[in-house]
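For reference, the chains in residue letters:
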Amino acid sequence: MARTERISLAQGSGGEPMQRLLRELIWPVFANPILARQEDQARLAFELQPGEQLAFTTDSFVVTPLQFPGGDIGSLAVQGTLNDLAVGGAVARYLSCGLIIEEGLPVALLRDLCLSLAKTARDAGVQVVTGDTKVVPRGAADGLFINTSGLGIIPAGINIGTHRLAAGDSLVVSGPIGEHGAAILASRQELAITGDLRSDCANLSPLIQTLLPNAGLHALRDMTRGGLNAVLHEFAEAAGATAVIDESAVPVRPAVQGLCELLGLDPLQLACEGRLLAVVAPDHAEHLLQCLQAHPMGQGAAIIGRLTPKRNVPVILNGLYGIERALPPVSGELLPRIC
Amino acid sequence: MKYVDEFRNPEAVARLVEAIRQRAAALPPRQHPWQLMEICGGHTHTIFRFGLDQLLPDNIEFIHGPGCPVCVLPQSVIDQAVALAQRPDTLLCSYGDAMRVPGHHGSLLQARADGARVQVIYSPRDALDMARRHPDTQVVFLAIGFETTAPATALAIRAAAREGLTNFCVLCHLVLIEPPLRALLADPDLRIDGFVGPGHVSLVTGNAPFEFIPAEHHKPVVISGFEPVDLLQSVLLLLEQLQQGQARIEIQYRRVATTQGNPGARAPVDDVFEPAPLAEWRGLGKLPRSGLQLRPGYQAFDATHLLPDSPAPGTLPTADSTTEADPRCRCAAVLSGKLKPGQCPLFGRECTPDTPLGALMVSSEGACAAWYQYRHQGPAHGAH
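Chains A and B are the protein sequences, given in the same order. Going by the numbering used here, the first sequence opens with residue 40, and the numbers climb by one from there. Going by the numbering used here, the second sequence opens with residue 5, and the numbers climb by one from there.
Next up, chain B with everything else stripped away, as it sits in the complex:
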């Protein structure tokens, strides 16, 4: 496959691993490993799928960050999606990722089995097409994701507004990448030394959401692509900065991402959405201005008005965070590099991919779920 195979080439990977080994050996010795956080769930997936973590020398570790939109989805949003799907004459459209996420009363998959109308779609445009084809059906799109998925959602809403569609709306839980990173970095015990930045977010935003990391915390960031060669090259670039005592943003993913990002993708987002005062994150609690809500001019497309106990206009749905997770969950400690997934007391016992108690076990992109799937049962060198 052109544009993929060359970024998986075993010889290129072997060369990078050797370069990383040499660079890591030159780092100052210390008691615990140098920890690099990959922010994005897509990176976590690649790391586990290809076993990249096992290619690193002992003094370098990946820490798996908060950038999986499914993991951080609060149960209350799933509850709302299920309630909407159960309405007569309503069709709930969702990305596949959200289908298995458990709410308080089950997942969208379970709701569908119980008779609710739920359709897996691949883009907001598919949901819009459903609304056009079925004018008697209220189509609700469950809009989740970071800055990456927001532009397509905004364009769908603008198209619906332009066409005067009254049977299309969105249950919006779009979130922003900077607030959870700020929350993590505010932890005085944080051990992370550098960040692998999410290439797809940067494609839209440019460097802006990550500039505070070197500026305020003196930690390096490398914006990375999603293939093994991308990730390993990003690790090498981070180690070079660490060795030289530098902290700046570098872009490894130059074939896609730029410093400025894509203003053309941001414009519809700015037109349709505004930051919400407060948004709920599974595992992280409530974070100010961390989510997007519809601007007043587009509130006709806000699906929350269809809910029986709909909140006041202009507020994001929130829930009591004490109901969101088992208090014994150690997700925050895993996210900040203090614990490995397997060191959480719930991991693999009460908390499994089939019965997730914490955010990081919810989706296959989550650190704990990936660890469970690929390592806990497995093999490989008894490595955990």
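Only chain A is shown next, with the shape it has when bound in the complex:
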């Protein structure tokens, strides 16, 4: 296929152009024996040991632009789903990949994004074993949408989740927040801000594996859409508690803070793609913090607050000057302010 070639509707028709697209681009990129059978389903030989559980998740990725500082939609589509498995304590094994391609997308770009997706999966030790490719008319999608589903195994003895949250628990973030959201905002065409802004997107699984032995670990969550704020509200709701965080303890890099000041946004609401919030029994918090900080992906970790007995709001921010205020939940689209 020529470098200038673009995806056409015919390549989603099920006929020869589509077969050619699959043969020349998709299958070689994801090559593995299960996919190579070209069945309508992936046949997976699982034998669960006593106490093990299957974990299954799905997520769709619609990010604009498709490539951004620190990553692209391909790597993100793998890391996002792997992280959803990992925060439940699961070891990921298999992924599915659904591509919805807008007519006119350059084939070379599609190839680059698929290669990025495949490499990210390979580096994480998981296989893309089934998938789907659709082409939609120009205007019906924004370049490329990707859906990935993931299958993993939660080993026996791992028991983390919102059911274990309790008032008194400590809240620990694994590093500076808001970097993915800030990088995406800054790289959009209409803003074109330059600076030290890179997405934090990463596979959290290696970091999480080092945390799981901590007996006081109650729950983990990657802070994606809605950022830290959204996860705090979810956890507070699930625990029937109020989350209180100290504003000065929340790590935010200066470049992210600067962008937020410029646009009137709140870093607490910006998406992360490689950071997690850990909830841990208070007497295990310091040890968990040390584990995080000892890992390259958790060097900026910090204890930012605690779950407290329920008050009249789910999340409270203890401000720089010791004044508490309610932290409202994320409300719809993030919109910059002019004044």
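If you're looking for bench data, these hints aren't it; they were derived computationally from the structure. Please note: incorrect hints may appear among the correct ones.
To be verified - Listed below are several chain A residues computed to face chain B (Cβ distance under 8 Å; list not exhaustive):
no., residue
1, GLU142
2, LYS173
3, ILE362
4, ALA365
5, PRO367
6, ARG376
Said to hold, decoys possible - Pairwise CB distance ranges, derived in the manner of DEER restraints:
no., chain 1, residue 1, chain 2, residue 2, range
7, A, ARG161, B, ARG136, 25 to 33 Å
8, B, THR141, A, GLN332, 46 to 54 Å
9, B, GLU167, A, GLN106, 25 to 33 Å
10, B, GLY289, A, GLN332, 54 to 62 Å
11, A, GLU44, B, GLY301, 24 to 32 Å
12, A, LEU48, B, GLU167, 34 to 42 Å
Said to hold, decoys possible - Computed footprint of chain A on chain B, listed as stretches where at least three residues anywhere in the stretch have a Cβ under 8 Å from a Cβ of chain A:
no., region
13, 170–180
14, 261–272
Note that beta-carbon positions come from the ideal geometry of N, C-alpha and C, so glycine has one too.
We have chain A; now place chain B onto it with these hints.
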């Protein structure tokens, strides 16, 4: 962050709070607190975000003024913006702030969800670039704001005129800060004792729009920056004037604002715009010469000519003010310091940020919306 962190420093804030406490204790005793109005929505935002109001002694209060351009935007302007966005081949460009403001038939966000073409932009230059890149699309910029945003809008219009762009125009609802302040101060029951002036407006205008406040009403004004240290220092300066019985304009925001303002920013505004005879304000009604309209030489860039029932050239779009707000709204009483947001009968019941009935609930910069978000649900010390 250089230029920000030093103005948020907790030790500096603690020192200022102590100085304010001492100064406030020396003020003559009276029944109700000394009330200081911060005019600008940006100041309101900082006050609530950092809880500065809760750092003040009991006899000092902030009153949240009319300086949020989104709050005061009439529903009729949103209706016009929605109508323009729904035109085939038209792209409506708006600041993010205006996207959630409800018109009579929904907001720009809802219109976009229904298929209208609406783009959030960060400056008028972005809208101009859209017009250059898409010559087959009519690009309409929803120009709102006070004297702060007017210069960039004027420069965009001049550039479009220079380049002969025929697919760029503005739906203009730029407004001026002095008329609403005059309207407020004309209220004989007004309780406000001093004003925290809007630093970004002053950067353009200088002291001129505020000179009548000490001169005609003998109330002090301090032009303030937007960080916690700025605002608290401005409060301290106001208290010093109040204690000494003085009333003059002082500039706390010296790193940016000057007495004379910026003539270079005013020149394009004067070239492109002239005061409109009458402009509509959500919550305040119609105020004479309070808005800007395009001068005759630039009327080709007035988007109202694209509207089906476009008004006569040279008039600002207006609407019947009785349709603008629920008559039970007590916005005017909140603005003049007579009521706290929570004392309005609609507050938090029928009037919420999701269903705003009054102007002050419309944008997060509005007094009622800020109060609702940070105080009504919250916590903090049960303080309201």
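Right, here's what the structure says about each hint:
Among the interface hints, the one on A/GLU142 is violated; its C-beta lies about 20 Å from the nearest C-beta in chain B, farther than the 8 Å criterion. At its closest, the beta carbon of A/LYS173 sits 23 Å from a beta carbon of chain B; the interface hint therefore is violated under the 8 Å criterion. A distance limit of 8 Å between C-beta atoms decides the matter here; for A/ILE362 the minimum to chain B is near 3 Å, and the interface restraint holds. Residue-level restraint check for A/ALA365 holds (minimum Cβ-Cβ distance to chain B is 3 Å; threshold 8 Å).
The closest approach between the C-beta of A/PRO367 and any C-beta of chain B is roughly 5 Å, which is under the 8 Å cut-off, so the hint is satisfied. Using the Cβ-Cβ criterion of 8 Å, the hint placing A/ARG376 at the interface with chain B is satisfied: the shortest such distance is roughly 5 Å. The hint said 25 to 33 Å for the Cβ distance between A/ARG161 and B/ARG136, and at roughly 44 Å that hint is violated. Between B/THR141 and A/GLN332 the CB atoms are about 52 Å apart, so this pair conforms to the stated range of 46 to 54 Å.
Taking the beta carbon of each, B/GLU167 and A/GLN106 are about 32 Å apart, inside 25 to 33 Å as hinted. For B/GLY289 paired with A/GLN332, a C-beta distance near 59 Å keeps the hint of 54 to 62 Å intact. Checked against the given bound of 24 to 32 Å, the beta carbons of A/GLU44 and B/GLY301, roughly 50 Å apart, lie outside it. The hinted window of 34 to 42 Å between A/LEU48 and B/GLU167 holds, with their beta carbons roughly 38 Å apart.
Counting residues of the region 170–180 of chain B whose CB lies closer than 8 Å to any CB of chain A gives 0, so the stated coverage by that chain is violated, three being the minimum. With 0 residues having a beta carbon nearer than 8 Å to a beta carbon of chain A, the region 261–272 of chain B misses the requirement of three or more and the stated coverage is violated.
The structure fails hints 1, 2, 7, 11, 13 and 14 (numbered hints given earlier, in ascending order).
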